[in-house]
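Quick mapping for you: the protein sequence lines, in order, are chains L and S. Taking the working numbering, the leading residue of the first sequence gets 1, the next gets one more, and so forth. Taking the working numbering, the leading residue of the second sequence gets 450, the next gets one more, and so forth.
None of these hints come from the bench; they were simulated from the model. There's no promise every hint is true.
As the list claims (entries may be wrong) - With a straight-line Cα cutoff of 27 Å, these simulated DSS-like cross-link-like pairs (lysine-lysine) come out:
no. : chain 1 : residue 1 : chain 2 : residue 2
1   : S       : Lys-905   : S       : Lys-937
2   : S       : Lys-538   : L       : Lys-279
3   : S       : Lys-508   : L       : Lys-279
4   : S       : Lys-937   : L       : Lys-195
5   : L       : Lys-158   : S       : Lys-538
6   : S       : Lys-914   : S       : Lys-937
As the list claims (entries may be wrong) - Stretch by stretch, here's where chain L covers chain S in the computed footprint (C-beta under 8 Å, at least three residues):
no. : segment
7   : 539-549
8   : 632-639
In this text, a Cβ means the ideal position worked out from N, Cα and C, and glycines have one as well.
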Amino acid sequence: MRRTLLSMAVLLTAFLPGLSSGSQAAASQIGLKVAMSNPVLHADQQQPDFLKVGLTGFRMKSEAERPGANIALVLDKSGSMSGEKIEEAKRAAIEAVRQLGPRDIVSVVTYDSTVHVLVPATRLTDADEVCRQISSIEASGNTALFAGVSKGAAELRKFIDREYVNRIILLSDGLANVGPSSPQELGTLGKSLSKESISVSTLGLGLGYNEDLMVELASHSGGNHVFVERATELAEIFRSEFRSVLSVVAQEVAITIQVEPGIRPVRVLGYPAEISGQKVTVQINQLYSEQEKYVILEVEVPASPADAPRRVAAVDVTYANMLTKATDHLKGSASVNFSRSKDEVAASVDADVLKASVMMLSNYRSKQATELRDKGDVAGARRLLMENADYLQKYAVKLKSDELDVLCRENLSQSKNLDAANYVRSRKEMKALQFGIDNQQRAAPPAGK
Amino acid sequence: MLGLPLAGLMWLGGRVVREEDAAFQHRLRDLMTGQLGNVDRLVVTHFDGIARRLRSSTKLEAFDAETVRAAVRGEPLAQQMIVLDAQGKLEHPHLEEPLNQGEREFLAESRQMLLDGDLARAAGIAVGTRGRPPEAQETGTRAAQDQRPGSNQSDGWYVWYQGRGVQLIFWRRLDDGRVVAVAIERARWLADLIASLPDTIPENTGPENAGPENTAPDASGASGIGTDSARIRLVDSVGQTVYEWGRYQPEPSEVAFAEATVSQPLATWRLQAFVPQSLMSGADRSRWFQVISGIAAIGLTLLLVAAIFWRGYAQDMKNALQRVSFVNQVSHELKTPLTNIRMYADLLERDLSNLDEEAARRPLTRLQVILQESQRLSRLIGNVLTFARQQRCTLQLNPRPGFLDDIVRQTVQQFSPSLARLNLHVELDLKASSPVRVDPDAVEQILVNLIGNVEKYASNGRLLKIATRLHDRTSIITVEDRGPGIPKSERESVFQPFYRLSDRIEDAAGTGIGLAIVRELARLHGGDARIVDVECGSCFEVTLKSEPDRGVAPDALDRPHHRASDATATEGTKP
Chain L
1 MRRTLLSMAV
11 LLTAFLPGLS
21 SGSQAAASQI
31 GLKVAMSNPV
41 LHADQQQPDF
51 LKVGLTGFRM
61 KSEAERPGAN
71 IALVLDKSGS
81 MSGEKIEEAK
91 RAAIEAVRQL
101 GPRDIVSVVT
111 YDSTVHVLVP
121 ATRLTDADEV
131 CRQISSIEAS
141 GNTALFAGVS
151 KGAAELRKFI
161 DREYVNRIIL
171 LSDGLANVGP
181 SSPQELGTLG
191 KSLSKESISV
201 STLGLGLGYN
211 EDLMVELASH
221 SGGNHVFVER
231 ATELAEIFRS
241 EFRSVLSVVA
251 QEVAITIQVE
261 PGIRPVRVLG
271 YPAEISGQKV
281 TVQINQLYSE
291 QEKYVILEVE
301 VPASPADAPR
311 RVAAVDVTYA
321 NMLTKATDHL
331 KGSASVNFSR
341 SKDEVAASVD
351 ADVLKASVMM
361 LSNYRSKQAT
371 ELRDKGDVAG
381 ARRLLMENAD
391 YLQKYAVKLK
401 SDELDVLCRE
411 NLSQSKNLDA
421 ANYVRSRKEM
431 KALQFGIDNQ
441 QRAAPPAGK
Chain S
450 MLGLPLAGLM
460 WLGGRVVREE
470 DAAFQHRLRD
480 LMTGQLGNVD
490 RLVVTHFDGI
500 ARRLRSSTKL
510 EAFDAETVRA
520 AVRGEPLAQQ
530 MIVLDAQGKL
540 EHPHLEEPLN
550 QGEREFLAES
560 RQMLLDGDLA
570 RAAGIAVGTR
580 GRPPEAQETG
590 TRAAQDQRPG
600 SNQSDGWYVW
610 YQGRGVQLIF
620 WRRLDDGRVV
630 AVAIERARWL
640 ADLIASLPDT
650 IPENTGPENA
660 GPENTAPDAS
670 GASGIGTDSA
680 RIRLVDSVGQ
690 TVYEWGRYQP
700 EPSEVAFAEA
710 TVSQPLATWR
720 LQAFVPQSLM
730 SGADRSRWFQ
740 VISGIAAIGL
750 TLLLVAAIFW
760 RGYAQDMKNA
770 LQRVSFVNQV
780 SHELKTPLTN
790 IRMYADLLER
800 DLSNLDEEAA
810 RRPLTRLQVI
820 LQESQRLSRL
830 IGNVLTFARQ
840 QRCTLQLNPR
850 PGFLDDIVRQ
860 TVQQFSPSLA
870 RLNLHVELDL
880 KASSPVRVDP
890 DAVEQILVNL
900 IGNVEKYASN
910 GRLLKIATRL
920 HDRTSIITVE
930 DRGPGIPKSE
940 RESVFQPFYR
950 LSDRIEDAAG
960 TGIGLAIVRE
970 LARLHGGDAR
980 IVDVECGSCF
990 EVTLKSEPDR
1000 GVAPDALDRP
1010 HHRASDATAT
1020 EGTKP
């Protein structure tokens, strides 16, 4: 029992204040929580464990606090957009632009076979003019998506400011067919843009877009990705996306996890990460008000004797605080102990970390299922998804988690929609869901409420 | 008649248009090539900018893995950084140290290139070829090239090819001989390059909407005249479009109007310009339109002029024919009273000869005038009636044996009073003494007309020379004068009816049918009438084919002395 208490105590939840901020700023600090899924491990055997680094955005108290937004709307106006799609897109974009204020910066880039900078980056002092320009868009031609994003990024750069939220919102309903158009190329572009704190949110409209490309671009740049099945949903999606931009409280979040010698960092679930030796670095572009983003690091802990607690990793976080305009530092660490008692090991489990790890692991399996189905192995993919559903079911019950239960049902439903007729649609759903779990993407809370 | 000059004009116009078109296309191609050159300068400027930026972002305090990784994380352009030691050996990413995924992926692609020392050589490090001849390095997926190895440059581009296409590495030599190189994220330099090139500006977007910042500031040179309405395309080494702009939408199979290569480091890429037909031959079409409408206008004018002339000519012809027709009718009516006048004049002459010579002299002189003028009138009527018959194709000859010279003498005799009054010297050279079979009335009419012409038009030459001769079966009569002569170009036309050498009002009057009758009568005799060359004046030569009449003794011939049976006598029946 004493041992258990000790191990519980080792489970350190750190809310260390930033070096530069005083007590007054504590409310406007990112919350850092570092924890192990199994703080007590079985003694004398090598086993995996999961480390969670959770970051929670502080509450943005008022609209006046929010950082300025520098948004480039990159809109597909290729021939396939004509009709309801383009009209809804225009309506949604106009409505979204109306959410912004005069200090925000907006640019509008349209693309078909070529690119047109419809509204060069400008402070939104005359929203009517911008809206008038948007309403003049007419659809025709091909899909030069890469060039559209390139030009959108160039417009953002005209006013690029680390104190602003710099975001490209890309709408596309089709396959990029002019210029570079592989998911890999768009992914590396996204990664490169994220180094300038530009993130790209990708809105895939209808069933004709390339979800791999859109997901890669969003995930590497730290933007959002949404599958918009019907054009009529666009207005709500745009509203939500703009709200998310306006609720950013921290940017350029750099997480460094220095893993202790002897413990092997295996992989980071979710975000793209860089593992160099014992050092793991993860970049998260933006943290939103009152939202948690987390990183799950799978580690391999070597066999250790009982009651020999050891440190797993030291975590260091730096980020740009959008409220105080300062660069803040956070520190934390995690340790594990070892026990020969199975009960003690079982009792020590951190439900929150376990739930997050289960989600990430099931997501990993879901991606594998997508790969199998893409190779034509419908049966294999179905089997994997059903196994995944069982796995999620088990933990949903164990952890009494509605979230896992929902996910379980999603997996079951996906397993039934792998036939050719449904896969085009269900693949987009799967991809969007996988992306959402990896990036802990949630619908933004209503602004200022 | 109009078609030929118009076709000529069309051809000329076509040539002018084609030549102008070729010249225009040439100028346009020059212009577009120049524009592509401007675009290439943007590319060069862009890569110069990248080089400048990387020169400073590779200035690191140290080149250990930690610092280099941090630099890669902070540099948006960097996919990876490579550090080579002074011997060209790979220092980072070091193969024996733990690598992150990005480094592993990068090395998987570029390891061979790095181990072969291609980059080191490009950066001026003398490295062993590891037993491989340099050309063997060109195999596989890459073809390394850049600056000459061993050049003194301290930085530069290294280009290699791998999977997705051109890969760019910027290298910089450090003071200690090491080389730091940045493999540039392909998608990123592509995106930045695209961002530095112009965009498409729709036609209806005025400059007030487009705004001055619409294109990158340094792109203004390339987005100027010509490229907005055309299509400029940046094409990679395998012909894939990387980026394009401009309003014009070329057909998928359309061949580029102008092309240019891109400078280093994208030397295998090309810039293409596509120009709309409307720009190329729209002007052409409008020029064709101008030419054709010009020709049409000329054609219309010519037609109008021709129509006016034709109307005038037709009117003249109609008038003349009406005149002849009228005169023809009148002539018939005039003939009877004229015959009576002449008959009574003859009777009066006889009566006067019975009178006292002194008393009769003056009335006799006046009577001579009446007789001459009535003869003249007879001749005129004879001409008109002959012409009228010719027009109705009822002109027939009535050949009889006779002496040509006699006919000439009698006819000249007829004219002698008026010839003497005009002071015209008559010279006869008559050598047709054998009898021939001709229509004496027709021959007389021929002579009457020719002598009448001399009387009317060449009396100032003071000479009328008439010669006859027989040559084989042809009788030849020449009537020569020393008058103003007839220009060579007119020598055929004068035989046309109603043709007049001069339309001047003061020139002598005439009916315009005389020479036509002469020729027609000569041709009916199997001969012809023409004008022959003489030194001065004019000379009409009439040939008549005629059988020499051998069956009849010359004395037995009925000499055509009865002048009353003149041309009018050939008129057989009244119409």
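Going back to the hint list, which numbers does this structure go against?
4 and 5
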